[in-house]
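A.B. asks: Chains as they are written, first to last, in full-length UniProt numbering: chain A, 1 to 348; chain B, 1 to 348.
For the record, the hints were derived by calculation from the structure and aren't laboratory data. A few of these clues could be false.
In this list, chains with the same sequence are indistinguishable; a pair is considered to hold if it fits within one copy or across any two.
[Unchecked claim] Taking lysine-lysine and the DSBU-like style, the derived pairs with C-alpha atoms no more than 35 Å apart in a straight line are:
#1 Lys339 <-> Lys121
#2 Lys252 <-> Lys29
#3 Lys29 <-> Lys335
#4 Lys190 <-> Lys232
#5 Lys194 <-> Lys74
#6 Lys155 <-> Lys194
#7 Lys306 <-> Lys74
#8 Lys220 <-> Lys190
#9 Lys29 <-> Lys306
#10 Lys165 <-> Lys74
#11 Lys29 <-> Lys339
#12 Lys215 <-> Lys121
#13 Lys194 <-> Lys232
#14 Lys335 <-> Lys155
#15 Lys227 <-> Lys264
#16 Lys29 <-> Lys165
#17 Lys51 <-> Lys339
#18 Lys227 <-> Lys155
Protein chains: 2
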Amino acid sequence: MIEDKNQSRTQLEALGEFGLIDHLTQAFKITQESTIKGIGDDAAVLDFADKQLVVTTDLLVEGVHFDLSYMPLKHLGYKAIMVNLSDVFAMNAKASQVTVSIAVSNRFPLEALEALYAGIKTATDLYNVDLIGGDTTSSTSGLLISVTAIGQVSKQDVVYRNGAKPNDLLVVTGDLGGAYMGLQVLEREKAVFKVNPNNQPDLEPYTYIVERQLKPEARKDIPVLLKELGVKPTAMIDISDGLSSEILHICKESGVGCDLYENKIPLDPQVITTCEEFQLDSTTVALNGGEDYELLFTISQEDFPKIKGNPNFTVIGYITEASAGAHLVTRADTKIALKAQGWKSFEK
Amino acid sequence: MIEDKNQSRTQLEALGEFGLIDHLTQAFKITQESTIKGIGDDAAVLDFADKQLVVTTDLLVEGVHFDLSYMPLKHLGYKAIMVNLSDVFAMNAKASQVTVSIAVSNRFPLEALEALYAGIKTATDLYNVDLIGGDTTSSTSGLLISVTAIGQVSKQDVVYRNGAKPNDLLVVTGDLGGAYMGLQVLEREKAVFKVNPNNQPDLEPYTYIVERQLKPEARKDIPVLLKELGVKPTAMIDISDGLSSEILHICKESGVGCDLYENKIPLDPQVITTCEEFQLDSTTVALNGGEDYELLFTISQEDFPKIKGNPNFTVIGYITEASAGAHLVTRADTKIALKAQGWKSFEK
Chain A
1 MIEDKNQSRT QLEALGEFGL IDHLTQAFKI TQESTIKGIG DDAAVLDFAD KQLVVTTDLL
61 VEGVHFDLSY MPLKHLGYKA IMVNLSDVFA MNAKASQVTV SIAVSNRFPL EALEALYAGI
121 KTATDLYNVD LIGGDTTSST SGLLISVTAI GQVSKQDVVY RNGAKPNDLL VVTGDLGGAY
181 MGLQVLEREK AVFKVNPNNQ PDLEPYTYIV ERQLKPEARK DIPVLLKELG VKPTAMIDIS
241 DGLSSEILHI CKESGVGCDL YENKIPLDPQ VITTCEEFQL DSTTVALNGG EDYELLFTIS
301 QEDFPKIKGN PNFTVIGYIT EASAGAHLVT RADTKIALKA QGWKSFEK
Chain B
1 MIEDKNQSRT QLEALGEFGL IDHLTQAFKI TQESTIKGIG DDAAVLDFAD KQLVVTTDLL
61 VEGVHFDLSY MPLKHLGYKA IMVNLSDVFA MNAKASQVTV SIAVSNRFPL EALEALYAGI
121 KTATDLYNVD LIGGDTTSST SGLLISVTAI GQVSKQDVVY RNGAKPNDLL VVTGDLGGAY
181 MGLQVLEREK AVFKVNPNNQ PDLEPYTYIV ERQLKPEARK DIPVLLKELG VKPTAMIDIS
241 DGLSSEILHI CKESGVGCDL YENKIPLDPQ VITTCEEFQL DSTTVALNGG EDYELLFTIS
301 QEDFPKIKGN PNFTVIGYIT EASAGAHLVT RADTKIALKA QGWKSFEK
């Protein structure tokens, strides 16, 4: 939130389009066996031998998906990759390549794009994926990032949203609501900063949730762990829009209902205390908050012993017949219909 | 250029994000054997068996790459697909899938996006590619389209930019400069319209070049034709930024020089007459105009008899040693150095 007025500024016009792409991508190296040709031709060339591939794409728009007043560009670059890799992992696949396109107004100096690409590089290095292409162009306003991620998976391992069966268990990784509460803290600090720019925010009590918002990690480990445990989920989805929206996607695609137990939803203590501070209901936050990038999946009850006690997984409910509907079973043991109230970019 | 004030307007908020995607994509059907799963999961799933795949992506930004005052949205949708398929064909590959993401401000009604997707559908139907995913979000200003295209090619057929050898022939498909001159005509009519909105433009004498600008066709036929003729180019690139820029890409990537003959550059008569009218040099237009989406390639001289006399191809020069440099041989038989002056989005 503290702007360095002395930072170096190189105008983008100085490089031209090709110079800019070369400059921003020169540090990226190809490491994946499946990448035959990366950046530098009309198209990248990939070879997956006998594997199937998965392809997913997401747009992030300044002023809609991110606010640069508290999102450092390096974190934004990192997060843009995570958002897409998360979709690859939700197919039970291994991520291997990404393309990154940006549209950027001339108000951004080269150094800003370098910071963005430094975050992209950190992500691609850490998650072992190759940057294989993209496009860089000017925009009339603001910054927009479009990422396409490609992954690979053996035909028999791919997991769709549509395989959940009645009596399957509903399982979630990690904990929920953190990213949303981190955003609340950052929004509050931004409002404080506007009133008093000399105020130095103390984010110490919110470290975990702010990091969940600014530097989410996609669950690369989960497809690997499931394989090791000998568990193939019957359905899987990543949690980008909030738990209830994702559960309803699985129910709709699989033609089933579900009972979700409020008292089973995994919450970090920092989410609980921050919810109290903001006078928000933590269940509502977990159900509708979004951006946690955890995975939600269903497994056959036979597989329960394989995941039981594993700290990565929490069983939060079970699948029912479609006719039973999709419900939240509250702590008071009443059933209320699940609704998707996730974040929708066209509704403000 | 004539706006229908009575057109129906449905606000985007009325549908929400998922409703909007469903609505816009419901008419698209999967036809490609390699598409296992299209829209509707975390990621699409593809299977190319023993083929390699090529991946390319492009961003089109309103106010930078297109002007909606003369570009109908249906044409824009069509062109956005062409721009990307052209890159696939430039790898000597067959296009099979696309993803389309759009960021759009609330000033666009649903009917505008329907027109855009009608153009996308016309393109995917005609070029036999599946729409397999994408993202739809709001923007703070204007319209932005991000397309990723995927194609397939046998390992032995893929053609890069870097294989041109001294003495190879430099060959171009179709004719050049039309799209740029079409743009000049449209820009002029827009200026006239601003002064006198009742003036009805007569575009009849410019039909071909205006269509080259508004509805370009990617050269799907060329990889097929080359295969039939038994010709594998040594290098290939599509002409999106202007002939000289593309030739210099091949020279740089292949480590060679070239002699390009001015009197061999294929020009449509309408380009020539319109250049005269606008007092522009037609060679300059062909070299730097861009957006023709023809293919430029190099072949071994041994293959010349196979393409000789084919109306799709024009030999425009030959490859030399790198030390000789890249030159245009003018009609007056003087040599001048080729420079890339193609359109650059960061330079206005």
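A.B. asks: Looking at the structure, which of the earlier hints fail to hold?
C.D. replies: Hints 3, 4, 6, 7, 9, 10, 13, 14 and 17 not satisfied by this model.
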